[in-house]
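Participant: Sequence:
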Amino acid sequence: MKEFDVLVVGGGAAGLMAAGTAAERGLGTLLLERNARVARKLMITGKGRCNVTNACTMLNELIEAVPVNGRFLYSAFSRFMPVDTMEFFEARGVPLKVERGNRVFPESDKAADIVDALDSFAKKSGAQRLQARVTELIAENGGVRGVRTEDGREFFAKAVIVATGGVSYPLTGSTGDGYALAKQAGHSIREPEPSLVPLEIKEDWCRELQGLALKNVALTVRDKERYTEIFQDFGEMLFTHFGVSGPIVLSASSHMRDIKREKYELEIDLKPALRFEQLDARIQRDIAKHANKAVVNALVELLPRAMIPVVLRLCDIPFEKKANQITREQRQELALCLKRLPLTVTGFRPIEEAIVTSGGVTVSEISPRTMESKLCRGLFFAGEVLDADAYTGGYNLQIAFSTGVLAGRSVCAE
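Letter by letter, the sequence shown follows residues 1 to 414 in the numbering used here.
Just so you know, the hints here were simulated from the structure itself, not pulled from any lab data.
Treat each hint with caution, since some may be false.
[To be verified] Mimicking DSS-like on lysine-lysine, the simulated pairs with C-alpha atoms at most 27 Å apart in a straight line are:
#: 1; residue 1: K322; residue 2: K271
#: 2; residue 1: K263; residue 2: K289
#: 3; residue 1: K271; residue 2: K202
#: 4; residue 1: K339; residue 2: K263
#: 5; residue 1: K289; residue 2: K271
[Said to hold, decoys possible] FRET-style restraints, in silico, Cβ to Cβ:
#: 6; residue 1: D223; residue 2: P318; range: 28 to 38 Å
#: 7; residue 1: K202; residue 2: A91; range: 48 to 58 Å
#: 8; residue 1: K293; residue 2: P350; range: 40 to 50 Å
#: 9; residue 1: K2; residue 2: N35; range: 32 to 42 Å
#: 10; residue 1: R282; residue 2: E320; range: 19 to 29 Å
The beta-carbon is built from N, C-alpha and C at its ideal position, and this holds for glycine as well.
Could you put together the complete structure from these sequences and hints?
Facilitator: Take a look at the structure:
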């Protein structure tokens with residue numbers, strides 16, 4: 001059996017970056033990926049557009065965007081920042097653009113361009129690839145010696161990089177294999193939890209609005225136990241059969257920890273560009289314009305049609321009431337509802353629906369300067385398999401790229 005310098009387990013963002021980086025150094029590198037195609041999860045990120053990184057330029061800002069073990073990533077980020085990620089892809093023929101919140105996407109809006117660039121980088125650097133599922137580490141004398149695959153084949157190397165991802169989106173191959181490999185080497189695992197995940201909501205009226213997308217709304221999250229505001233953002237959200245989803249909801253979910261029934265309350269501002277007094281004046285104009293219509297038909301220029309019956313019920317305003325019969329108190333109650341529409345969170349959706357896994361290999365057992373295990377010589381980790389996760393906006397992929405590069409540069413170092 002041929003022996004390699006480096007075995008990389010997992011062909012996602014971190015694994016491809018690690019394999020290419022190691023092979024670029026002249027190391028004999030074999031990438032083992034269980035799927036026929038690499039980076040399947042990357043293909044579906046950002047609704048198929050791939051939010052490849054965040055164009056923040058300050059290291060501290062980058063670390064602050066990683067609420068779980070951000071300081072652990074200081075060395076990895078220092079050595080491969082978002083600007084390096086952007087230069088990496090643009091040098092390989094993928095023009096990028098920066099959108100709201102410094103989110104970086106390929107100009108083509110095609111995740112496939114990012115995948116193709118990573119795949120080409122690994123191949124052109126000289127990394128070999130094999131479709132195989134790794135199920136066991138081969139270790140001896142306190143160090144890793146190689147891996148064993150599901151069909152019994154053995155591959156040997158001086159170092160192994162585990163970059164298998166978490167457990168979100170299991171159909172893409174993220175099924176927690178890396179946790180089992182880490183445990184074989186004596187590592188402890190923080191129990192995986194969903195992060196960047198849709199939210200289940202108590203209020204039944206959400207289901208009436210299933211499929212309705214709202215743009216340019218503000219979302220606030222409050223911890224009712226601590227009486228504190230923990231999140232506020234502006235953007236898009238979506239009503240579903242279970243509750244709410246969409247970009248700002250996914251971002252909000254990453255700020256919620258130890259979720260318990262009705263611990264968190266959401267507040268939607270449907271008209272964030274208008275102060276309360278301005279909104280009240282706008283409602284007065286709509287009422288005057290449609291004075292003789294039923295109120296349910298008088299608000300069509302103010303709200304999506306599907307929302308009007310819901311809002312009127314919440315304000316206890318009869319649908320058939322003529323617009324010019326609305327009292328001042330009812331009008332102001334309506335304005336208040338549009339500015340502070342409440343929702344009660346009852347739970348996360350299942351981890352299989354999460355974009356990112358929170359939890360993973362305990363980082364105190366890994367060298368932050370090299371990504372090498374402190375428990376098993378020659379064993380390295382990169383990407384989502386680590387217990388480090390960030391807010392939405394391209395930060396999680398930056399973790400994958402930075403840790404992948406650091407592991408690829410650190411293996412077999414003299």
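Participant: Check the following: the C-beta atoms of K293 and P350 are separated by a distance inside 40 to 50 Å.
Facilitator: Once the Cβ atoms are compared, 44 Å apart, the range 40 to 50 Å for P350 and K293 holds.
Participant: Between K263 and K289, is the straight-line Cα distance small enough, at 27 Å or below?
Facilitator: violated, 42 Å
Participant: Is K271 close enough to K202, meaning Cα to Cα at most 27 Å?
Facilitator: holds, 23 Å
Participant: Assuming the hint says 19 to 29 Å, is it satisfied by the Cβ distance from R282 to E320 or not?
Facilitator: At 23 Å between Cβs, range holds.
Participant: Hinted pair, alpha-carbon criterion (27 Å max): K289, K271. Please report holds or violated.
Facilitator: holds, 20 Å
Participant: Please verify whether K339 and K263 have alpha carbons no more than 27 Å apart.
Facilitator: holds, 21 Å
Participant: Could you see if the CB distance from K2 to N35 stays within 32 to 42 Å?
Facilitator: violated, 23 Å
Participant: Starting from the hint 48 to 58 Å, judge whether the C-beta atoms of K202 and A91 obey it.
Facilitator: Since the Cβ atoms of K202 and A91 sit about 50 Å apart, the hinted range of 48 to 58 Å holds.
Participant: Taking 28 to 38 Å as the hint, is the beta-carbon distance of D223 and P318 inside that range?
Facilitator: holds, 36 Å
Participant: Below or equal to 27 Å on CA atoms is what counts here, so check K322 against K271.
Facilitator: holds, 24 Å
When the structure is compared with the earlier hints, violations turn up for hints 2 and 9 and for no others.
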